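With the sequences and hints as input, model every part of the structure.
Top to bottom, those sequences are chains A and B. The first sequence runs contiguously to residue 433 in the numbering used here. The second sequence runs contiguously to residue 433 in the numbering used here.
Hint data in this document are derived by calculation from the structure and do not stem from the laboratory.
Where chains are identical, the list cannot tell them apart; a pair therefore holds if satisfied intra-copy or between any two copies.
Below 27 Å or equal to it, Euclidean Cα-Cα: the simulated DSS-like pairs (lysine-lysine) are:
1. K427 - K97
2. K67 - K427
3. K127 - K427
4. K67 - K97
5. K67 - K153
6. K112 - K318
7. K112 - K153
8. K126 - K31
9. K389 - K153
Nothing here was measured: the structure is a model prediction, and the numbers come from that model.
2 protein chains.
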Amino acid sequence: MTLKGNAVIGQSGGPTAVINQSLVGVIEGLMQSPGHENVKQILGARHAVRGIINDDFIDLTGISQDMRAKLGHTSSAALGSSRDKPDAAYCERIFEVFKKRDVRFFFYIGGNDSSDTCRLVNETAKADGYELRCFHVPKTIDNDLVCNDHTPGFGSAAKFVAQAFIGDNMDNKALPGIKINIIMGRHAGFLTAASMLGRRPDSDDGPHLIYVPEVAFSQEKFLADVDRVYTKHGRCLIAMSEGVHYEDGTPLVVKAAKDIETDAHGNVQLSGSGALGDVAAGMIREGLGVKRVRADTFGYLQRAFMGIASNVDGREARRSGFLAAAYALSGDRDGSITINRVSDDPYDVEYGIVDLAEIAAKTKLLDTKYVIDGCDIDQSYHTYAFPLTGGLPFVVTLDKFPRTSP
Amino acid sequence: MTLKGNAVIGQSGGPTAVINQSLVGVIEGLMQSPGHENVKQILGARHAVRGIINDDFIDLTGISQDMRAKLGHTSSAALGSSRDKPDAAYCERIFEVFKKRDVRFFFYIGGNDSSDTCRLVNETAKADGYELRCFHVPKTIDNDLVCNDHTPGFGSAAKFVAQAFIGDNMDNKALPGIKINIIMGRHAGFLTAASMLGRRPDSDDGPHLIYVPEVAFSQEKFLADVDRVYTKHGRCLIAMSEGVHYEDGTPLVVKAAKDIETDAHGNVQLSGSGALGDVAAGMIREGLGVKRVRADTFGYLQRAFMGIASNVDGREARRSGFLAAAYALSGDRDGSITINRVSDDPYDVEYGIVDLAEIAAKTKLLDTKYVIDGCDIDQSYHTYAFPLTGGLPFVVTLDKFPRTSP
Numbered sequence: 028m029t030l031k032g033n034a035v036i037g038q039s040g041g042p043t044a045v046i047n048q049s050l051v052g053v054i055e056g057l058m059q060s061p062g063h064e065n066v067k068q069i070l071g072a073r074h075a076v077r078g079i080i081n082d083d084f085i086d087l088t089g090i091s092q093d094m095r096a097k098l099g100h101t102s103s104a105a106l107g108s109s110r111d112k113p114d115a116a117y118c119e120r121i122f123e124v125f126k127k128r129d130v131r132f133f134f135y136i137g138g139n140d141s142s143d144t145c146r147l148v149n150e151t152a153k154a155d156g157y158e159l160r161c162f163h164v165p166k167t168i169d170n171d172l173v174c175n176d177h178t179p180g181f182g183s184a185a186k187f188v189a190q191a192f193i194g195d196n197m198d199n200k201a202l203p204g205i206k207i208n209i210i211m212g213r214h215a216g217f218l219t220a221a222s223m224l225g226r227r228p229d230s231d232d233g234p235h236l237i238y239v240p241e242v243a244f245s246q247e248k249f250l251a252d253v254d255r256v257y258t259k260h261g262r263c264l265i266a267m268s269e270g271v272h273y274e275d276g277t278p279l280v281v282k283a284a285k286d287i288e289t290d291a292h293g294n295v296q297l298s299g300s301g302a303l304g305d306v307a308a309g310m311i312r313e314g315l316g317v318k319r320v321r322a323d324t325f326g327y328l329q330r331a332f333m334g335i336a337s338n339v340d341g342r343e344a345r346r347s348g349f350l351a352a353a354y355a356l357s358g359d360r361d362g363s364i365t366i367n368r369v370s371d372d373p374y375d376v377e378y379g380i381v382d383l384a385e386i387a388a389k390t391k392l393l394d395t396k397y398v399i400d401g402c403d404i405d406q407s408y409h410t411y412a413f414p415l416t417g418g419l420p421f422v423v424t425l426d427k428f429p430r431t432s433p
Numbered sequence: 028m029t030l031k032g033n034a035v036i037g038q039s040g041g042p043t044a045v046i047n048q049s050l051v052g053v054i055e056g057l058m059q060s061p062g063h064e065n066v067k068q069i070l071g072a073r074h075a076v077r078g079i080i081n082d083d084f085i086d087l088t089g090i091s092q093d094m095r096a097k098l099g100h101t102s103s104a105a106l107g108s109s110r111d112k113p114d115a116a117y118c119e120r121i122f123e124v125f126k127k128r129d130v131r132f133f134f135y136i137g138g139n140d141s142s143d144t145c146r147l148v149n150e151t152a153k154a155d156g157y158e159l160r161c162f163h164v165p166k167t168i169d170n171d172l173v174c175n176d177h178t179p180g181f182g183s184a185a186k187f188v189a190q191a192f193i194g195d196n197m198d199n200k201a202l203p204g205i206k207i208n209i210i211m212g213r214h215a216g217f218l219t220a221a222s223m224l225g226r227r228p229d230s231d232d233g234p235h236l237i238y239v240p241e242v243a244f245s246q247e248k249f250l251a252d253v254d255r256v257y258t259k260h261g262r263c264l265i266a267m268s269e270g271v272h273y274e275d276g277t278p279l280v281v282k283a284a285k286d287i288e289t290d291a292h293g294n295v296q297l298s299g300s301g302a303l304g305d306v307a308a309g310m311i312r313e314g315l316g317v318k319r320v321r322a323d324t325f326g327y328l329q330r331a332f333m334g335i336a337s338n339v340d341g342r343e344a345r346r347s348g349f350l351a352a353a354y355a356l357s358g359d360r361d362g363s364i365t366i367n368r369v370s371d372d373p374y375d376v377e378y379g380i381v382d383l384a385e386i387a388a389k390t391k392l393l394d395t396k397y398v399i400d401g402c403d404i405d406q407s408y409h410t411y412a413f414p415l416t417g418g419l420p421f422v423v424t425l426d427k428f429p430r431t432s433p
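Set out below in structure tokens:
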């Protein structure tokens, strides 16, 4: 049975390049799917759950086709986001507003924390016997949601990382040295692994070394890896996840900060934007005596850079939102929309739905079958991730031109 | 009179997204311009002047149309680059190789240091009575060459910075806080100023504050600026040039490092990739007591990112190279190719040539007429810089939608 009432949409957590595609998808699903006549107002919660408890909404009912098209191509959460993690009391307040507003459809676009919020709100409503359709629409550049082949937002972030590495590899080739790039992903290495997507097989292209959080870090091995590559190529381009940690679970950057404290240097660097890069660069300078070591931290650029979003990613983000609305209007169902792959080539996916409890607050990690010797990513990862970024710019080099050296 | 002999092309200094367009331009100029029959071999110097003194060249004679097209769209110096700054003795070695190789045409693609190298080589040849055509082809993301309206490489870097800020502004709007982005440009603020190119007039878009090296930095004013913006918008997006310095000329990052030394914290951060961002963020945290302050340093990404080079920039880089070759084949002339603007709208330029001594080792700064109150860039800068980046992605916000807040 289709409920009748108002709908609330929220966007939560870190921005992505396509999170507004999901927002537009939900809106269009509510405007167009069977049962759409039962939806009265479409309300956007300003800054996620915080907007709900503050009763702070934007009325999106009747938003034009033109505006929807433009909004879909705008990166980052147009409704505003929040880092709030609601507990039971917070959910109670959400639920009170929903009742007051006659909200019968709730859509929350976000990562695994957001799916947990969705689950909590849903359970609060059920306990109260209040009919509410609760849907989680997946979003995360980390690509770490269970029950999914991949997650909207990842493809575009992966495309940014890949394009950055294609250029940085040419940079590193032109002015050889050791270069470390720090990439987002505290627990899951999918995005860091994407650094290899533009690397040409059978070339000297970097990244030459890739470190993901799924494999414990060893300083000794790291220095041996860098030394080997640097000796072979006269240069070394490294992709390192911000979440890289030692065997005992201590993040590299935290351990380094402790060492600094021990040395009475203060922990100035810990909150630093380039902290981990500096730590890793310092290891190489001290351990290998190489002077030209440089580190960049990609920072926020990788999550909301404008203008190079992946088309596939945008399409899937939109469709996920649309289907959440379509399911919500189709009957007594709550859940999270899933994307699973049907085939690699031609690339094809199918959409499904799972219970909120199945996905909430769980984390998927990169399958270590892709990791080679703890310091590289296998070419088979290209088969997995490349369809998600779509076409990448390609480069040529002059390596095969005749040398006239004496 | 057109000389007969071989040609050498080198690429120097930091990479850009279009430096290979200039390389292809020189090659095509040598293959196609009147007098091209006098050019025997086209040699690419591997890693700039270092390749010349090591007699290490690639033979580019007869490089195919297809390869030239692909090469033009590959960022960073395909011949390899170098940071060597030749002195008279070094130039003597260059000149010896040129004589041995019967080199009569020399093209050096680079910034103001490279034009000085070109000048030195030219003078060495003249002193020896050896006929040699020496051409400098401008390249720098810093846009700091005199005698030019702008410089190839700048438009693409400016486009990257503008696109990054468009996305980061939406990010900052979604999750409000204080965000600092550090941009390249030790002496000239052109690239930092480009952070405003995607900012919509009459909006709350950031960057809200822009600091360039042309204006002395004052910590007191900085904190007052940030406080004002943060109070007004509840957020603050800041663009800061890496070259920002105090009235006495001390770079912000160096003074901070000294302070850290005084506090017995060591100078670990000075070489850090995020050093300046951390310093500025620390100032705000301490001075204003705001917790959510984040800093990113764009680093190498802004100079060789693949896939979003400016079309105008690419075309001008190519034409500059082509014309250098055409001039070299046309008679007894050395010099540096210049670009000057004929009109803003429709955007149009004319190319010229100046003596190497006029451009060598000089630096052009951002006209302070563009700087507002030491902390912002005037909209008139858009008229100057936007034609160089070409179209930027645009965003929409939901700010004008009806609020349903109680």
